[in-house]
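Student: Which chain is which? The protein sequence lines are A and B, in order. Using this note's numbering, you'd call the opening residue of the first sequence number 1 and step up by one each time. Using this note's numbering, you'd call the opening residue of the second sequence number 243 and step up by one each time.
Hints are supplied without guarantee of correctness; some may be wrong.
[Claimed, not checked] In silico contact screen, one side only, chain A against chain B (beta carbon under 7 Å); selected entries:
(1) MET25
(2) ALA28
(3) HIS46
(4) PRO48
Hints are computed from structural coordinates only; laboratory data are not their basis. Here the structure is a predicted model, which means the values were calculated and not measured. We put the CB at the ideal spot given by N, CA and C, even for glycine.
Number of protein chains: 2
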Amino acid sequence: MDISALNHTCHEGRFLGVLGGMGPMAGASFMARLVALSNADCDQQHLPAILWSDPRIPGRSKGYAKLGPDPLPWMMHGVNRLVSMGAGAIAIPCNTAHLWYEQISAAVQVPVLHIVQAVIDDLRRQGIHQGCVGLMGTSATLRLGLYQRALEKNGYRWMMPTETEIADYCSASITLVGANRIAEALKPAAECVSILKSRGADVVVLGCTELPLALPHPIRPGLGIPIVDSIDALALAAMDWY
Amino acid sequence: MDISALNHTCHEGRFLGVLGGMGPMAGASFMARLVALSNADCDQQHLPAILWSDPRIPGRSKGYAKLGPDPLPWMMHGVNRLVSMGAGAIAIPCNTAHLWYEQISAAVQVPVLHIVQAVIDDLRRQGIHQGCVGLMGTSATLRLGLYQRALEKNGYRWMMPTETEIADYCSASITLVGANRIAEALKPAAECVSILKSRGADVVVLGCTELPLALPHPIRPGLGIPIVDSIDALALAAMDWY
Numbered sequence: 001m002d003i004s005a006l007n008h009t010c011h012e013g014r015f016l017g018v019l020g021g022m023g024p025m026a027g028a029s030f031m032a033r034l035v036a037l038s039n040a041d042c043d044q045q046h047l048p049a050i051l052w053s054d055p056r057i058p059g060r061s062k063g064y065a066k067l068g069p070d071p072l073p074w075m076m077h078g079v080n081r082l083v084s085m086g087a088g089a090i091a092i093p094c095n096t097a098h099l100w101y102e103q104i105s106a107a108v109q110v111p112v113l114h115i116v117q118a119v120i121d122d123l124r125r126q127g128i129h130q131g132c133v134g135l136m137g138t139s140a141t142l143r144l145g146l147y148q149r150a151l152e153k154n155g156y157r158w159m160m161p162t163e164t165e166i167a168d169y170c171s172a173s174i175t176l177v178g179a180n181r182i183a184e185a186l187k188p189a190a191e192c193v194s195i196l197k198s199r200g201a202d203v204v205v206l207g208c209t210e211l212p213l214a215l216p217h218p219i220r221p222g223l224g225i226p227i228v229d230s231i232d233a234l235a236l237a238a239m240d241w242y
Numbered sequence: 243m244d245i246s247a248l249n250h251t252c253h254e255g256r257f258l259g260v261l262g263g264m265g266p267m268a269g270a271s272f273m274a275r276l277v278a279l280s281n282a283d284c285d286q287q288h289l290p291a292i293l294w295s296d297p298r299i300p301g302r303s304k305g306y307a308k309l310g311p312d313p314l315p316w317m318m319h320g321v322n323r324l325v326s327m328g329a330g331a332i333a334i335p336c337n338t339a340h341l342w343y344e345q346i347s348a349a350v351q352v353p354v355l356h357i358v359q360a361v362i363d364d365l366r367r368q369g370i371h372q373g374c375v376g377l378m379g380t381s382a383t384l385r386l387g388l389y390q391r392a393l394e395k396n397g398y399r400w401m402m403p404t405e406t407e408i409a410d411y412c413s414a415s416i417t418l419v420g421a422n423r424i425a426e427a428l429k430p431a432a433e434c435v436s437i438l439k440s441r442g443a444d445v446v447v448l449g450c451t452e453l454p455l456a457l458p459h460p461i462r463p464g465l466g467i468p469i470v471d472s473i474d475a476l477a478l479a480a481m482d483w484y
């Protein structure tokens, strides 16, 4: 077996580095959507990827608020390992982690896909070029304006749930997904979609990668409003990169 | 940020190396089941894992029959990369790849979990200690006796579909999963379960990691026969190792 020739062959191809584990089901689901959303009709046409799934990365919301350990060194460690393995780009299927996007992308030589840009690209892909975007996500993501600034810059209006609604619906659903109680996570997430719709949102962004797990694809047409899923949007951005 | 301390912390913990991409949906699904089957109730309790998802690995059935390129160098490349990153054990969510188990496990210093042993452990976990095991899988896996020898050694009888049935039901279903036509893959897979049941099988083993995708968990109770799923069995074996 000519290993040197093989190494050459393997390194020729580009592959995506995925910093996962935040949570681990979101990372696994991202990998699955990368497959499901592609047009490949056999294994060999799919995008090669390495998932670094490190669920030990400390919680992002608490870390950003300095109420828990800092996740940034853990995230940098994973990203550095992926880059050292030769990843040609990095995807991070966790919205809240993007609060550290500038630090992470400045520290590595390869492009780091931005989940918010991926969502905006997906809004356009779905034919939504203006109007009011209803936001769902963690309290940290929403409070710190991760999506709001980018949406305004791209000509969208936005609305978000109240602090109480974020706690009762978004965070409740996210916590249930993290605790492997995915079936129970549906009700609070769907309730939040319905509130945003009743207040005039034209589309709802699932701006936390746990939320697409709470609201599985088959039930979405029944919600009566377009949904942009940050896992799917990031997977599509990765395929565009590839 | 004290990176040296962090590297120490990160390397302290064990993590699982997963050689995926065979096919890519089976690898992603393995990662998801590793999460879903655990008792963790927050992210940080889950098993750290790295998935090397390389769908470019040449087809295993054709490769073993020398009708296509040899997948072994590609598999060894992935396993070596996982080990060099510090994986404490390797899991390979592809049954046919286990035709090269001896070569792979002899070449690395860390344990390589064996999917067939994991299935036998799961039979026992399900309380099935004897009887006739109906086998489904690729033609190569079934023809070359990957499961049969191990089952006999552990006191089970076995049966498998005819060559025509393997082509019409198992291979057809596996190919549909590989082509992202998962909904269509259900019918041939369910038909094969029904044939094995009608011939007296006491349990059916989904001995190809594409087949659990064709037969999603919610429909299995309706099949009227216990099912052992090689993805779930391997995920449980990984958790036992961890």
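Student: Confirm or reject each hint.
Tutor: Okay, the hints, checked on the actual structure:
Here the hint on A/MET25 is kept, as its CB sits about 5 Å from the closest CB of chain B, short of 7 Å. A cut of 7 Å between beta carbons decides the hint on A/ALA28: the least distance to chain B is about 4 Å, and the hint holds. The beta carbon of A/HIS46 is positioned within 7 Å of a beta carbon in chain B (closest approach about 4 Å), and the interface hint is therefore held. Contact between A/PRO48 and chain B, as hinted, is supported at the beta carbon level, the nearest pair being about 5 Å apart and thus within 7 Å.
Of the hints listed earlier, there is not a single one the structure fails to meet.
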